[in-house]
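Undergrad: Take the sequences, apply the hints, and build the full model.
Number of protein chains: 2
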Amino acid sequence: MVWFRSLIRFSVTKSSSSPSITPRTANPFGPYRSPTLSWLAAAAAFSSGPPSAAAAQEPPVMTPYAGLAPTKAGEKPRVVVLGSGWAGCRLMKELDTKTYDVVCVSPRNHMVFTPLLASTCVGTLEFRSVAEPIGRIQPAISREPGSYFFLAKCTGLDTDKHEVQCETVTDGPDTLEPWKFKISYDKLVIALGAEASTFGIHGVKEHAIFLREVYHAQEIRRKLLLNLMLSDVPGVSEAEKSRLLHCVVVGGGPTGVEFSGELSDFIMRDVHQRYAHVKNYIHVTLIEANEILSSFDDRLRHYATKQLTKSGVRLVRGVVKDVKDRKLILDDDTEVPYGLLVWSTGVGPSPFVKSLELPKAPGGRIGVDEWLRIPSVEDVFAIGDCSGFLESTGKPTLPALAQVAERQGKYLAGLLNKIGQDGGAFANSAKDMEFGEPFVYKHLGSMATIGRYKALVDLRQSKLNTDNLWYYNTTGGQRLISCWVPKLVHLAIGISNTRDELEEQILCGN
Amino acid sequence: MVWFRSLIRFSVTKSSSSPSITPRTANPFGPYRSPTLSWLAAAAAFSSGPPSAAAAQEPPVMTPYAGLAPTKAGEKPRVVVLGSGWAGCRLMKELDTKTYDVVCVSPRNHMVFTPLLASTCVGTLEFRSVAEPIGRIQPAISREPGSYFFLAKCTGLDTDKHEVQCETVTDGPDTLEPWKFKISYDKLVIALGAEASTFGIHGVKEHAIFLREVYHAQEIRRKLLLNLMLSDVPGVSEAEKSRLLHCVVVGGGPTGVEFSGELSDFIMRDVHQRYAHVKNYIHVTLIEANEILSSFDDRLRHYATKQLTKSGVRLVRGVVKDVKDRKLILDDDTEVPYGLLVWSTGVGPSPFVKSLELPKAPGGRIGVDEWLRIPSVEDVFAIGDCSGFLESTGKPTLPALAQVAERQGKYLAGLLNKIGQDGGAFANSAKDMEFGEPFVYKHLGSMATIGRYKALVDLRQSKLNTDNLWYYNTTGGQRLISCWVPKLVHLAIGISNTRDELEEQILCGN
Chain H
0 MVWFRSLIRF SVTKSSSSPS ITPRTANPFG PYRSPTLSWL AAAAAFSSGP PSAAAAQEPP
60 VMTPYAGLAP TKAGEKPRVV VLGSGWAGCR LMKELDTKTY DVVCVSPRNH MVFTPLLAST
120 CVGTLEFRSV AEPIGRIQPA ISREPGSYFF LAKCTGLDTD KHEVQCETVT DGPDTLEPWK
180 FKISYDKLVI ALGAEASTFG IHGVKEHAIF LREVYHAQEI RRKLLLNLML SDVPGVSEAE
240 KSRLLHCVVV GGGPTGVEFS GELSDFIMRD VHQRYAHVKN YIHVTLIEAN EILSSFDDRL
300 RHYATKQLTK SGVRLVRGVV KDVKDRKLIL DDDTEVPYGL LVWSTGVGPS PFVKSLELPK
360 APGGRIGVDE WLRIPSVEDV FAIGDCSGFL ESTGKPTLPA LAQVAERQGK YLAGLLNKIG
420 QDGGAFANSA KDMEFGEPFV YKHLGSMATI GRYKALVDLR QSKLNTDNLW YYNTTGGQRL
480 ISCWVPKLVH LAIGISNTRD ELEEQILCGN
Chain S
0 MVWFRSLIRF SVTKSSSSPS ITPRTANPFG PYRSPTLSWL AAAAAFSSGP PSAAAAQEPP
60 VMTPYAGLAP TKAGEKPRVV VLGSGWAGCR LMKELDTKTY DVVCVSPRNH MVFTPLLAST
120 CVGTLEFRSV AEPIGRIQPA ISREPGSYFF LAKCTGLDTD KHEVQCETVT DGPDTLEPWK
180 FKISYDKLVI ALGAEASTFG IHGVKEHAIF LREVYHAQEI RRKLLLNLML SDVPGVSEAE
240 KSRLLHCVVV GGGPTGVEFS GELSDFIMRD VHQRYAHVKN YIHVTLIEAN EILSSFDDRL
300 RHYATKQLTK SGVRLVRGVV KDVKDRKLIL DDDTEVPYGL LVWSTGVGPS PFVKSLELPK
360 APGGRIGVDE WLRIPSVEDV FAIGDCSGFL ESTGKPTLPA LAQVAERQGK YLAGLLNKIG
420 QDGGAFANSA KDMEFGEPFV YKHLGSMATI GRYKALVDLR QSKLNTDNLW YYNTTGGQRL
480 ISCWVPKLVH LAIGISNTRD ELEEQILCGN
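Here the protein sequences come in this chain order: H and S. If you count the first sequence from 1, position 439 lands on 438 in numbering that gives the first Met the number 0, and the numbers rise without skipping. If you count the second sequence from 1, position 57 lands on 56 in numbering that gives the first Met the number 0, and the numbers rise without skipping.
Just to be clear, a hint being listed does not mean it is correct.
If chains are identical, the list can't say which one is meant, so a pair holds when it fits in one copy or spans any two.
Below, in silico cross-link-like pairs of lysine to aspartate or glutamate (EDC-like), each with a Cα-Cα straight-line distance of 20 Å or less [stated by the list, open to error]:
#1 323 / 176
#2 97 / 330
#3 409 / 368
#4 75 / 421
Quick caveat, the hints were computed from the structure, so don't treat them as lab data.
TA: This is the structure we're talking about:
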């Protein structure tokens, strides 16, 4: 109530000249230095004197290279997770926080439900619907005294010292000088994901938008609407209208196909209604060097091709060799003018992953053994798109899918919980431990939406295959289902759940 | 189906060298030049040759200073509306689109429900809930051949020629060279609103965030979350934590009070749960030079002061004289370190309104007569915050409230519809017309939310005042109501509706 009283007093004594009752001449922030009002007590260096005096007194923002020191006996052992994607989040969700403190380091404070990201670009889903805050996935991170989320990126790794070096990430309008800090770990899980591949093509990073983060989807939505409005301005040439409203998608994998489908839905459903003046100028072109949806069965591919074409998406076979401000150049020198360019030609390891001095798997991923650990160093594991089985394991590299990453996160959480229960949670204490069952990946099926509320589901490799009960309309183990997006959400989640749940959800999905 | 066939053909004949069946060596964009595939036909200059040849052939983006020419007999007369706020949108909504074509020029393609903007900063409401696209407010704008919305700002006005000069607005990551165009009007409605006042204080525009647009609320939300996360980084000094989490609001009008209330709700409801590590460092300070909520009754002000203080908001009487990167300076040289600074000290006319060579009302607003027209020129009207009654009318300047703007928009739409029916819709054709009833403003009451789902409603000036039915708890014409936000929405909308609706909604609001 102190401040309430101050305010009342201020208004009564405004014209008085006595310092004791005219806080206007005193420092109204003074009371906060008293120990009983502790929240600004620490900020005692905040001065009410002239700026120069204040500058001289100002405390340093950071203690030099601070961090989280190694855990001691009596403290909880610390699992440090680098990354907040499918792999890292599933791991954190399942980690036993009675056994471990969890520290997550990521430049993104939420997990993105990537399979539905394309639907947010045109408003089918809200951005909020596809993002889940880390603190909600693992509440201990916001509540336990030793658990943290740090909005930062990892810049270095010292496996001998059991330590990672980090720096804060504050991209955006008010970019700050990054703050550096170290974190000691008992167990380290590298789940850094992958980066969009550009194959070194000039201009892609400058002019194309990827579709991997929520801010990408926001940028696509913004640009699409801006171009719709710009193309309606009086005096814009016909050619410029066509360019502005030419949406080009490069890459015919599930993301590219899903986004093309969503775009054509948007054009038919919204543009024809709400931008009637320019509806005949807007078009979608999907450029792919090989087949679209190459991981899917032939018949599903043909179905998708037919559906997309019916929705007005032009499918072009071509290889992009250069991207400029308003047009891209194919390798036969065809120029394709565009107003919006979305790039989704797959992923590869990030520069940081490439720079790590750890054994590598094929494709430059971090090499792991059957238990997803890096065998040459102690207490370090790698999961998700950044990792791959070492050639010595004899196992193939798994595809860069949410399904793989999520399953690995779940497996590793179980393994770490078991190690913790067996007394191996602290650094260097699980050296001779038996890890038990290795990680085995079972593909449950693939799915891609293709617009018009239709989706492909390919279950050839799934064990469900043998069970004919649900396949009244099957053609050799794969089939087409037509369902609404909300049901697809269940399906997509179901794919990474147990077999029983999947069966149940596919049943509901029909 | 052409492209579907092309794709199939591509994959079959990939290795063939005949141009007729290997589109890889031909231009796959060729077919779109044929007249039957008209959408890119206009883009015939898009070349498949080398870039230099293409550049030589590229058509100009704009025809030089194009625009909408004066309407002719047989066409519909054109009402041009500058702005898309409360005044302009209500006007457009009610305009008879059988009589008029409507052309709106605004740098914002939606209307913002400003009284609820503060609630979006902390997630109480979604951004989408407070924004309504212009095309939905007046569907003719997206459908009628002669009606348009232009994402542009007005840069000049020629009342003799009945013409406005405009240029496109494309602020953001891909700022384009603005395109210029002219629009001829039959009737012009200036509804450009006002700009946030900074009183010339140095640093406000650079470091403070206003709260007038959706992107302001987004920026506040982003910065608040960023600071919460940064303050948790290991090694950050206690003083820096306090600074980062010190939210300062300057200006104790309804916006400042509402935002302070929302912030303290957010701290109590979310920060204590989800950012438990730093919950003791976050604080809200509201700085006001005079009284908070000075337009409200004394007793309501005291109630608000008590409630805000109870919620942890510090109320400080002070005048800001300088704003720096991380601290502001009061006129008694007190330094106030802040992590987030929100500025809401009222509004004043924009530089463009100031520059218009039209008679002015007190405060630099565009001067209008009782019918909201600018008497010295033909067919030009001004409504909302940018306008004020000329001194010659003997009427006082109305407050810059949504309520005023909306009522003026509604009145003027009725007047323009009447003029149209009486045959005065075209330029210079209403010179000697009788305009009928002048605009009369009746204040229905004021409302401000103060957090914790509480609000003040001041109905002293309302005619409802005389009706004691709803005031079972009244103290001299004003009273406190406590209700949920969704009901407040109804109330807020109700305030600008008819008296009967207002009474009904206040009844429901209890």
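Undergrad: Are the hints correct? Go through all of them and say.
TA: Going down the list of hints, with the structure as the test:
Taking identical chains as interchangeable, the C-alpha atoms of residue 323 and residue 176 lie at most 20 Å apart only when they sit on different chains, with a minimum of 17 Å there against 32 Å within one chain. Taking CA atoms no more than 20 Å apart as the test, residue 97 paired with residue 330 passes in neither setting, with 57 Å inside one copy and 53 Å between copies. Proximity of residue 409 and residue 368 under a CA criterion of 20 Å is satisfied intra-copy only: 16 Å inside one chain copy versus 72 Å between copies. Only within a single protomer do residue 75 and residue 421 lie at most 20 Å apart by alpha-carbon distance; the minimum there is 14 Å, versus 83 Å between protomers.
Checked against the numbered hints given earlier, the structure breaks only hint 2 and satisfies all the rest.
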